[in-house]
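Protein chains in written order, with our numbering: chain Y, 1124 to 1611; chain P, 1124 to 1611; chain A, 1124 to 1611; chain Z, 1124 to 1611.
Please note: incorrect hints may appear among the correct ones.
If several chains are the same, the list does not tell them apart, and a pair holds so long as it fits within one copy or across any two.
Cut-off 30 Å, straight-line C-alpha distance, at most; resulting in silico cross-link-like pairs (DSSO-like, lysine-lysine) [claimed, not checked]:
#, residue 1, residue 2
1, 1177, 1475
2, 1278, 1247
3, 1283, 1526
4, 1278, 1523
5, 1595, 1137
6, 1336, 1406
7, 1475, 1261
8, 1278, 1526
Derived from the structure by calculation, the hints contain no laboratory data. Predicted model, so just to flag it, every value in this text is computed and none were measured.
4 protein chains.
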Amino acid sequence: MALSNYEGYIASLKSMRPNIYKFDELITDVTTHPATRYTIEGHSKSFRLYDDPKEREILVTNSHLTGEPVSRYLSIIRGPEDMYANSRMKRRMFQLTGTCTGGRCVGWNALNAMFVATYDMDEKLGTEYHKRFLDWLKDAQSRDITIAGALTDPKGDRTKPPSQQEDPDMSLRIVERNNDGIVVRGAKVMICGVAASNEIFVLPGSGYKEEDKDYAVSFVIPRDMENLTIVETRRPSDTREQEEGFDIPNKEGGITQAYLFFENVFVPNERVFMAGEYQFSLKAVMNFIGPYRAAIGGCVAGQGDIKIGAAVLTARTNGLQSRIFSDRIIRMQINNETTYGMGIAAAALGKKHPSGAWLCDQLMSNVNKIHVATLPYETSRLAQDIAGGIGETGCMPSYKDFKSTKYGHLIEKYMKANSSAQARARAARLVEWATIGAGVPGCMHGGGSPDGAKLVIRSITDIEEKVEFARKLAGISEQIPEPEPRKK
Amino acid sequence: MALSNYEGYIASLKSMRPNIYKFDELITDVTTHPATRYTIEGHSKSFRLYDDPKEREILVTNSHLTGEPVSRYLSIIRGPEDMYANSRMKRRMFQLTGTCTGGRCVGWNALNAMFVATYDMDEKLGTEYHKRFLDWLKDAQSRDITIAGALTDPKGDRTKPPSQQEDPDMSLRIVERNNDGIVVRGAKVMICGVAASNEIFVLPGSGYKEEDKDYAVSFVIPRDMENLTIVETRRPSDTREQEEGFDIPNKEGGITQAYLFFENVFVPNERVFMAGEYQFSLKAVMNFIGPYRAAIGGCVAGQGDIKIGAAVLTARTNGLQSRIFSDRIIRMQINNETTYGMGIAAAALGKKHPSGAWLCDQLMSNVNKIHVATLPYETSRLAQDIAGGIGETGCMPSYKDFKSTKYGHLIEKYMKANSSAQARARAARLVEWATIGAGVPGCMHGGGSPDGAKLVIRSITDIEEKVEFARKLAGISEQIPEPEPRKK
Amino acid sequence: MALSNYEGYIASLKSMRPNIYKFDELITDVTTHPATRYTIEGHSKSFRLYDDPKEREILVTNSHLTGEPVSRYLSIIRGPEDMYANSRMKRRMFQLTGTCTGGRCVGWNALNAMFVATYDMDEKLGTEYHKRFLDWLKDAQSRDITIAGALTDPKGDRTKPPSQQEDPDMSLRIVERNNDGIVVRGAKVMICGVAASNEIFVLPGSGYKEEDKDYAVSFVIPRDMENLTIVETRRPSDTREQEEGFDIPNKEGGITQAYLFFENVFVPNERVFMAGEYQFSLKAVMNFIGPYRAAIGGCVAGQGDIKIGAAVLTARTNGLQSRIFSDRIIRMQINNETTYGMGIAAAALGKKHPSGAWLCDQLMSNVNKIHVATLPYETSRLAQDIAGGIGETGCMPSYKDFKSTKYGHLIEKYMKANSSAQARARAARLVEWATIGAGVPGCMHGGGSPDGAKLVIRSITDIEEKVEFARKLAGISEQIPEPEPRKK
Amino acid sequence: MALSNYEGYIASLKSMRPNIYKFDELITDVTTHPATRYTIEGHSKSFRLYDDPKEREILVTNSHLTGEPVSRYLSIIRGPEDMYANSRMKRRMFQLTGTCTGGRCVGWNALNAMFVATYDMDEKLGTEYHKRFLDWLKDAQSRDITIAGALTDPKGDRTKPPSQQEDPDMSLRIVERNNDGIVVRGAKVMICGVAASNEIFVLPGSGYKEEDKDYAVSFVIPRDMENLTIVETRRPSDTREQEEGFDIPNKEGGITQAYLFFENVFVPNERVFMAGEYQFSLKAVMNFIGPYRAAIGGCVAGQGDIKIGAAVLTARTNGLQSRIFSDRIIRMQINNETTYGMGIAAAALGKKHPSGAWLCDQLMSNVNKIHVATLPYETSRLAQDIAGGIGETGCMPSYKDFKSTKYGHLIEKYMKANSSAQARARAARLVEWATIGAGVPGCMHGGGSPDGAKLVIRSITDIEEKVEFARKLAGISEQIPEPEPRKK
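Work out the full structure: start from the sequences and follow the hints.
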């Protein structure tokens, strides 16, 4: 049986070795600790929903390896419909949790990237990575595990490649190879959803030359691997998660982003999918960003749905009709559907890879990345505009003050409007949470910076072809080459 | 044989009765008259390209009625790939002609709309419109005709419905019905590509009630029908088309937009596809705007490609490298791919209609309409920015001045830079033509206004669902209804 | 001597009765309590800088009442240069504190508004408010006090005026008048800088009719008045202020926003400046928003300066040159100077009031409000874009983790780049603080909503004049009246 | 008497030697020739309005040289109020003429620039330019002449400075110096309002080194100077100006932009204001762009007023209320007031030059240039949006068709709505004219490109100061220098 359930998921997390810290404290049980329980609650939705036929259709597909039903998060994207389903699933998860469940979706992107890369390596180099990968994947599907994806290296001084850094550990690297596997040292930073994950899928960086080949490394390991230390980052308003009450109104989801420190972690061969093949690391990264930058449009659309809902809800508690904000709601909706739609377009215009995978259109994916890095900011601004001052910076007394025996009744008296004071506060706190608080996912730089996307767009765009169109239409017969730069 | 060729197309136009006027002058041969020859040149591309296998793949498909190869402009959209092909074809035609070939593509939208509407009417009302329609379509395919689509009525006083106007002719209407057909009176205005068309496909307006039923009328007629008078509109810089030289640099394409006056035009029954079924007119219009507002993204992307090319070309003639404008080129490219991609998304998320047609997703289509009404303006501004002052308003002497025996040599001397003066002028004139001149298509209002698209977006968007998402996440149990408006 | 100093200011705050709460706890000393000390540090800058001649010129002017040097925050705006100085001072204070010092500037706006309103009331109604006001002002100047300004009422159900609310206390009102003064009940909400203030200047709301006259009330009281209870609101990441270390990197300034509950507060006559003159309440509010919406452009420009600085600083710690971000820095700078400049324009185009006050141009002020409600959001987005992922949501381990004996060394190792890890973290935390953290001032709704500003713009703009310009240029002689709305 | 009148102005133009060409034809009388009469009509407004006391106040000031009333266009800017008046005058002229009257305002900018530059040269170099300049100015004021300003050189290959061009004439230069004066050769291109001018004021370019010193030249000459040939450029829809009827609806104003060819033109010493002082040419240009980029905000605001008026007027003829477009009208108004206001701010923040001139703030002026290069495009788009399809590309039959005996009655019948057909056409043609037709002034590049403005903004902005603010607030003690670029 290839689908787990809520209880199984929680049990699997509880059984792991504690190796996650926050605020210099070891988190002994991630499922109950305030710093991690909300993100686990969010991730657990993907198991809870199996029982609802309508949701199941979104979340479950059949393994192309076994034919059995498996979580879509553990499936290989084999056609555009798989990508549409993926965008839909991500949007749905945001609608239900308010934020990111990166511990399923990034791992899923990572495994899809390496499905293709291992195939290509085996084809070109005669390696056996793809077979290894498939063995692991089949097993992962049967266990229905959650998997975080780890891409970003610390990098150190950005003016130098990994092998030229003063400290060679500034990108994750192989420090030892033996018959059974490899030993890696370094770090991966800003990794989403690790606390909610059973395993971590590590991808190589890109831009490597031969001298950097020890940095071209990909593998998957249990989250609680020996010599792996995980530190959770702190985000806006994150200590509210440790409090009672509604200052964090949403208990259905939450984010974590971690720094992973590898102090000579051993990875057995059967879990190693790249170990030195530097010429394939850029392709691996591109295979990652293709579907990632497409489907993230579903994520920000889903959160945009929540922003619309929370803003209108707050306006209603203020006694204001949504009709007043019609133009702004339409604009928010346009933003949502644009990122969602561009992701769909990237899928629709993709192409089949010999491995059987479906590769998204890179131009559309990377254009979408730019939209994802800009439109949600406008949507947030409009949500704050509609919600009013109490939404903008959450300008209200705290839950503790609401409960004050001295003056709580005054807050209740003066904050009521078209609803109770508490309902109004909860609605406005949700606007705050999603636009300037603990629910804001780092979508601008997540999966790479907008500048990186612009580079891809620029390199894909054939300007010369366009110049030729124009030259022909303008009836110009002479050649007009690109000028030399002005001499200084 | 269902594909015509350039000669056949030109001959078909030459053989028609002259009934088109401009500047109070009858155009006796549209293929040679300066006011119409460029648009016919543009339309003719769709025939000329049949011989190039790469282009043919874009332009030709197989009739689902006969299995024979037919122009895609005469085909029924039966799946998302047909729509992708359509977007690609429109973009291609803009790349090759610089502007709109509305006399093929709007007719194609119109016939697809009525394919569905006639099916629905027959199903619900027991009429025989669909059969009639198919007979006509088969014949049209076999003749490979060009067809303009006519949607917009003059409307008169917008505060009143058609039947309440002082002058009942302000929307096109049936004034007589007899055994053989119907007689119509009124006008259709701002109709694209009529001069290049063999036939005109008329669609009903929308928003009709029972008393407006004579206005619910759809049919197709030869362009040179008796009692039909056509007046071409004047556009920016259109008289340049009557001049020699390069002040209109592009001879590969051009637009026309006409006013059609129906003074009791008889339409035989076999060409009538709606005649009073007012309850289906809104659906017919929606069936039109679905694919129209999707694929128009390809149009403005194609013209955007020309704007990029012309701007970079002009900059090069000025001696400036494209690298300087990298950010602006990427922004233009993002605009292009966004309208293109959203059209693809509308197709990908569409659904099958019982008639076999594929209906585009209305939300995506209408969101795209808003992008089409805004992004090309930014692209134009950036093209002018890159091209410099000579592109912005075409700030150069005329062709006649270039040829002046008195001072033409001075213009040649002082306008040369990194190219000859003439090449520089041609490139800048193309920027002018595409951004502020005779090549600007009316895409903001073409196929309906952006305000109409916003209404559709607003009506499709389920705000209550989003409010419920938010209410659930915020943990609010009380009901918070939409407030009543403030009493004045 | 009319200028105080740091010690005097701190002593004045320490000597007040504790009546401010946060998290259900009474703050016994605002100058040392973590929830308020940073805002007091920020406000205290206005005293510390007296000793620096360059800064003193910005902060000090001469009283037009006594000729003595006084804080500009206690001066009357008598000409455009006073407003320029005001914009400059606000920008300077933001540059030095990173955020808002509302406990000086809003009070200053309030007293200027009532300087004019009391003059007008006395002129029209024969009251003696202006004299009272001047007596108080002279005394306030001599004490160099800090003054918060309180405008916003809770309002309750926005579909009803104050006097028609179920609970008549939903706007602050006079519940008793006697020979010595008035007694008020109600609340003022979202009031900035109260904790750092010696007194609170209360303004009336607007839109009042005769039946609402008890709500038309203005006065000034000591912050620690009997029966006044103050509850500080909670903002993003505010509990970090209670922690050690650099997770709030900025100790030079901070914001507070309070809810004020008036439970039958007595105000003696000499401090009452409006008590029932409902016909003057709208003008009082307009007198407030005129200079407020002008000079707030200086505030957001000053914070924009910090955003540019913090973003570039973070990029440098990442090893990236500012040249790469040139276009974005210019755009941020344009945003800064636009809000700053529009405020200057509002001042320059103002006019003299008979009282001697200078009234800013309302059209320019309100246009600026719209810019203030939008441009800083773009500036924030660009700051996050430049700073990278660690700035976007502050995606780094906490200070406590940096200090961990178990793994602090790993954080130091892997977060260093072109600077030490701590410097990098501090820079990125400042970006977070200013764009999505505890330093974000509520400028979108502060001093009224953007929608209110749009209403003012719409009402000031003479559209008919513009239509007449157009009608004349178009050579149209017939009248074209505004149409009636469409009948439904 | 220092103020002329309409008759005097027209007579002065009629008396000049014909040396202006368009379409290879010599214009013998600029006041009646269709290509130039509208711009002269527009310029003549500045004389006609002297009789209206309200307008006179805007247009007339007192000469600081003689104390007599003179045209503001011939005055020296000596304080911020002079600049405010200037912005107001420009806006007013656009409101009354619909477009640019460059033949007064650019000359006025040029003479102000050289008033300062000649002063500085005399101070530093002991020349006598300033005295010469004042003599000329006094005389010019007494004659109340119109003056075009000529700045832009052809430049040729932009990768090389003037003296390194293959053809040394690519920038205007001194080819001979003798006792009586200088002889110049070359061209000035894209010069506004020449046909309506009595004289032409030539400014040097910038970026000159010692070897370019013959290019550092400034002077003023009569427009009909020997050896000067002028060719008018062609703009969108300019041939309509040669037609009867309302296809150009506006007869109150128009633009011309000319290319000036200097074939060894002799300039007597008393009219030479720079001749080789290359070190002052950049300052001269900066003195030009300071007030130019400030006050041009008034120009585009004035045309924006017309766009609002024309759009609302067209909507009314369509039967639509302006209330429907409220948000868009407010946005257009915000755009108008932003460019207007930023110009006011540039003036208000200016400073006094030793010569007595008032120098605008360069930062504000150049920020405004960016707004002028972007906001009017949005205003145009919104005008087209409001006006509907007939405004977007002027999609209506021509005037000749309106007058057709064959079908003119049909056009009249079907184009009427809430007004006559002709009124509707005139209103829509005005939208077309101002947004995409013959009335569009080249404000994006006029007076220099936006890129140039960005360079100025970047060079004025002290980023290091902002970085220091941030470093101090973040509590960072270590130095963080700008990194070196990445080695390739």
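Hint by hint, here is what the structure shows:
no.	hint	verdict
1	1177 to 1475	both (29 Å within a copy, 21 Å between copies)
2	1278 to 1247	within (29 Å within a copy, 55 Å between copies)
3	1283 to 1526	between (55 Å within a copy, 29 Å between copies)
4	1278 to 1523	between (43 Å within a copy, 23 Å between copies)
5	1595 to 1137	between (67 Å within a copy, 28 Å between copies)
6	1336 to 1406	within (15 Å within a copy, 56 Å between copies)
7	1475 to 1261	within (22 Å within a copy, 35 Å between copies)
8	1278 to 1526	between (48 Å within a copy, 22 Å between copies)
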